[in-house]
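There are 2 protein chains.
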Amino acid sequence: MGLLVVGSIGLDDIETPFDKIENALGGSTTYISLAASYFTGPVSIVGVVGDDFSIEHIKMLENHNVDLEGLQIVEGAKTFRYGCRYNYDLNVRDSLYTHLNVFERFNPNIPARNKKSPFVILGNIAPSLQITVLDQLEEPKFIVCDTMNFWINGALDDLLKVLKRVNVLIINDSEARLLSNEPNLIKSAHKIIGMGPEYLIIKKGEHGALLFGNNTVFSAPAYPMENIFDPTGAGDAFAGGFTGYLHKNRDFSFHNLKRAVIYGSVMASFCVEKFSTKGLEDLSYLEIHNRFIEFRELSSFN
Amino acid sequence: MGLLVVGSIGLDDIETPFDKIENALGGSTTYISLAASYFTGPVSIVGVVGDDFSIEHIKMLENHNVDLEGLQIVEGAKTFRYGCRYNYDLNVRDSLYTHLNVFERFNPNIPARNKKSPFVILGNIAPSLQITVLDQLEEPKFIVCDTMNFWINGALDDLLKVLKRVNVLIINDSEARLLSNEPNLIKSAHKIIGMGPEYLIIKKGEHGALLFGNNTVFSAPAYPMENIFDPTGAGDAFAGGFTGYLHKNRDFSFHNLKRAVIYGSVMASFCVEKFSTKGLEDLSYLEIHNRFIEFRELSSFN
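These protein sequence lines map, in sequence, to chains A and B. Take the first sequence: its position 13, counting from 1, is numbered 13 in the numbering used here, and each next residue is one higher. Take the second sequence: its position 272, counting from 1, is numbered 272 in the numbering used here, and each next residue is one higher.
Don't read these hints as lab results, they were simulated from the structure. On a predicted model such as this, the values are computed, not experimentally measured, just so you know. Note that CB positions come from ideal geometry on N, CA and C, so glycine has one too. Nothing false has been slipped in among the hints.
Below are the EDC-like pairs computed for lysine to aspartate or glutamate, each with C-alpha atoms no more than 20 Å apart in a straight line: (1) Lys191(A) / Asp89(B); (2) Lys187(A) / Asp89(B); (3) Lys187(B) / Glu273(A); (4) Lys258(A) / Glu297(B); (5) Lys258(B) / Asp173(B); (6) Lys274(B) / Asp19(B); (7) Lys204(B) / Glu226(A); (8) Lys204(B) / Glu206(A); (9) Lys274(B) / Glu226(B); (10) Lys187(B) / Glu226(A).
Now the stretches of chain A that chain B is said to cover, found in silico as 3 or more residues with beta-carbon under 8 Å: (11) 184-198; (12) 201-215; (13) 218-224.
Could you put together the complete structure from these sequences and hints?
If you want it as structure tokens, here you go:
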């Protein structure tokens, strides 16, 4: 059985100091499924778009063996749209607009055969919707969850319910500090593990990522990037690479989870090298493997 | 021949959210020489104090095989004093006062036999004084240099002269961005290497450290610390551990420089566990070695 991804699908207008793009494919589901597709397949997605969603995007996803049975296309309505502008240092993003459109009434209906998916990634959507998804699953074995400041601030009760039901929570450092109300990241991680998830991954952007769980910690380096073209989707590409790798080999040892974190970091590094999903569309196994080796050389010593 | 350290020696009043201490031993020279003393000896220091400097501090340094021939004690004058208060998250420090006292007229006179020291650490003092030190050296082989925002902003011309004459520059990430006028740390590092130093170490606090040089990069993890008691001196302890380890085995391969970065990180992690220099005063070789192993387990994967 496959890997199920539930989250947003959108069209983005992105401006960086280097270039701008309009109507670009975006949304957490898109980045996650593309990144995961290099490790395992088919990846099934559940999401919603309007009739303005381009057939080219659909074809590109199908070419990556993404199963679109769960994609709702609403006639006469518009796809979720997001516009943003990155500042010079790329760590700061100004949101220009968010038009929820069809996403406003999104109700994730899991197709019958996907209800048995043992691997599920809950993209960054309202925790109440994440609960709706969890309630439909019949045999979940490994659930990976993303969230953000907006839900930590505005839907904490629901989020805490979700956390009791997931295996891995993936958030960034500021989200971890907010969720735990604790500035020290290590203490913060222990508090969050206490909220339910078996494992916690804290993404730290240019500083790499930390994996907590099993009473131990793994520190993954960041790929040394001189040119980050578009940071959009990096966190989703991480989640897709991480979970896709685990889905491929079903080895849940901490040893293998560490490798999965590196594969997540590899996919995030490819993601930010090009605009929108372009960095994830034409990779080879060799490129992915070679970058994994680069990560090892970057951080190994004895 | 030994390892020579030139920098400040002071008495600190430190307040953290957990405790406070007055008249504590401080200054870059002190932390550097203590950290280095666990790897090699004797470590010779050049610095200045007033007659208020406690005999206990002198004895403690001597017990660590620190050679004090170059320590000037000025009768009737006061030692450099610094007071600061750390905020709750310990990344933010408010300086309460800085009384230069004897340090205002510090002119580093290197004792004759120390002029032949092949290994020299230039602690964080005015670049013009660092030049004075370099001019007195007869056979320098490996020079490690620290600096800070204050000198980058106020004495850039002198600092650039220093950088052309040192092997390793050790600074933190905000200092690297300031010195290079470049937000991307990787580009920043390339620019700084272009200013002269063979190697550059960028310390990132809770995010570890990066070593650049030899056309390659090494990413060292940070020790996962739940309780940072007093961050004072961590950067100096890093410089002492790094250089002390290299002085011990004289192996300048990139492979060994990576190990030295980890030993620097080990000493910094011990430093912040106690107030003032206390965390560096009573370590055993086994403790240091075991923490090195912990660093390796923290970041290794294959």
